[in-house]
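Number of protein chains: 2
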Amino acid sequence: MLFIHCDYFFYSATKPTKVAEKISEECKSCAVKDVLVVFITVEKIDEKNYEEVAFRGVKEIVEMFNRLGVKGLVLFPFVHLSEEAGKPEIARKIIEEMYNQLKNLNYTVYKAPFGWEKIFSLTSKGHPLAESLRIIRLSKS
Amino acid sequence: MLFIHCDYFFYSATKPTKVAEKISEECKSCAVKDVLVVFITVEKIDEKNYEEVAFRGVKEIVEMFNRLGVKGLVLFPFVHLSEEAGKPEIARKIIEEMYNQLKNLNYTVYKAPFGWEKIFSLTSKGHPLAESLRIIRLSKS
Chain A
86 MLFIHCDYFF YSATKPTKVA EKISEECKSC AVKDVLVVFI TVEKIDEKNY
136 EEVAFRGVKE IVEMFNRLGV KGLVLFPFVH LSEEAGKPEI ARKIIEEMYN
186 QLKNLNYTVY KAPFGWEKIF SLTSKGHPLA ESLRIIRLSK S
Chain H
86 MLFIHCDYFF YSATKPTKVA EKISEECKSC AVKDVLVVFI TVEKIDEKNY
136 EEVAFRGVKE IVEMFNRLGV KGLVLFPFVH LSEEAGKPEI ARKIIEEMYN
186 QLKNLNYTVY KAPFGWEKIF SLTSKGHPLA ESLRIIRLSK S
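In order, the protein sequence lines correspond to chains A and H. Mapped onto the numbering used here, the consecutive letters of the first sequence carry residue numbers 86 to 226. Mapped onto the numbering used here, the consecutive letters of the second sequence carry residue numbers 86 to 226.
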């Protein structure tokens, strides 16, 4: 996961790919201010225990959210942070699960559509904690 | 290296860190249209042969540049693509070397200041090739 604390973030889903989820018209684009954007790549290794990955992902996000004191969250499926990307159906499941957990915890959270080509636009905050990487490593047991 | 084909890219260096390079006032910020932005993380393993890394990095950039038919390039030092980031002085050397090689090849290339806190703003093109990851793996010999 690549975290970017943004002054402004916008996305617009332009075209579905083969693995696109069905979305309603109002979910196709979104513009938000002062958010933590989480670019998420699910890797092959994460398929072994997607529940643990989702749970620990949420934990990391919540920690950073509290540290930064931002207003909202955007989960942005992004396959380009690893050369070992996992199966799209598992990736979608994990991101969906993270989204649901964050919603249940009452965070203001948006989820960019999975499997769509997307234009995005961002302005980073630029402070020392504005960008960071978090890799979830599954426990061996 | 994370490649993002941007409609628009802007950066502004706001504050030097301990490893900041000296820069003139006019290099502190830059706004460009239709560019390939290359977010670069140099890893520990790259320190073994920085010349090969720089050379192969340039090769990858040129290939993508030609494929996309963009107008310019931005090299953006970005330490957040790996948990195994290398020494700042080597990272700076590699990025500097890549910049010089690209300039010598007559590409329109900008280099964001190394070791500065930076605000950046981008709008991605959003087509299937607009984002991609390239990892340079050193040959074992």
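It should be emphasised that the hints constitute simulated quantities derived from the structure, not laboratory data. Misleading hints may appear alongside valid ones.
Because identical chains share one entry, a pair is satisfied inside a single copy or across any pair of copies.
With a straight-line Cα cutoff of 20 angstroms, these simulated SDA-like cross-link-like pairs (lysine to any residue) come out [said to hold, decoys possible]:
no., residue 1, residue 2
1, 210, 185
2, 113, 213
3, 129, 167
4, 188, 165
5, 118, 204
6, 129, 220
7, 172, 208
8, 188, 171
9, 100, 222
10, 129, 219
11, 172, 207
12, 100, 153
13, 103, 144
14, 210, 116
15, 156, 145
16, 178, 112
17, 103, 217
18, 144, 116
19, 107, 211
None of the values given here were measured: they were computed from a predicted structure.
Now the hints, each set against the structure:
no., hint, result
1, 210 <-> 185, "neither (27 angstroms within a copy, 29 angstroms between copies)"
2, 113 <-> 213, "between (32 angstroms within a copy, 17 angstroms between copies)"
3, 129 <-> 167, "both (10 angstroms within a copy, 17 angstroms between copies)"
4, 188 <-> 165, "neither (25 angstroms within a copy, 27 angstroms between copies)"
5, 118 <-> 204, "both (17 angstroms within a copy, 15 angstroms between copies)"
6, 129 <-> 220, "both (13 angstroms within a copy, 17 angstroms between copies)"
7, 172 <-> 208, "neither (30 angstroms within a copy, 27 angstroms between copies)"
8, 188 <-> 171, "neither (24 angstroms within a copy, 38 angstroms between copies)"
9, 100 <-> 222, "neither (32 angstroms within a copy, 33 angstroms between copies)"
10, 129 <-> 219, "both (16 angstroms within a copy, 18 angstroms between copies)"
11, 172 <-> 207, "neither (27 angstroms within a copy, 29 angstroms between copies)"
12, 100 <-> 153, "between (33 angstroms within a copy, 19 angstroms between copies)"
13, 103 <-> 144, "neither (31 angstroms within a copy, 31 angstroms between copies)"
14, 210 <-> 116, "both (16 angstroms within a copy, 17 angstroms between copies)"
15, 156 <-> 145, "within (16 angstroms within a copy, 38 angstroms between copies)"
16, 178 <-> 112, "within (18 angstroms within a copy, 44 angstroms between copies)"
17, 103 <-> 217, "between (31 angstroms within a copy, 18 angstroms between copies)"
18, 144 <-> 116, "neither (25 angstroms within a copy, 36 angstroms between copies)"
19, 107 <-> 211, "between (35 angstroms within a copy, 19 angstroms between copies)"
Of the numbered hints given earlier, the model fails hints 1, 4, 7, 8, 9, 11, 13 and 18; all others are met.
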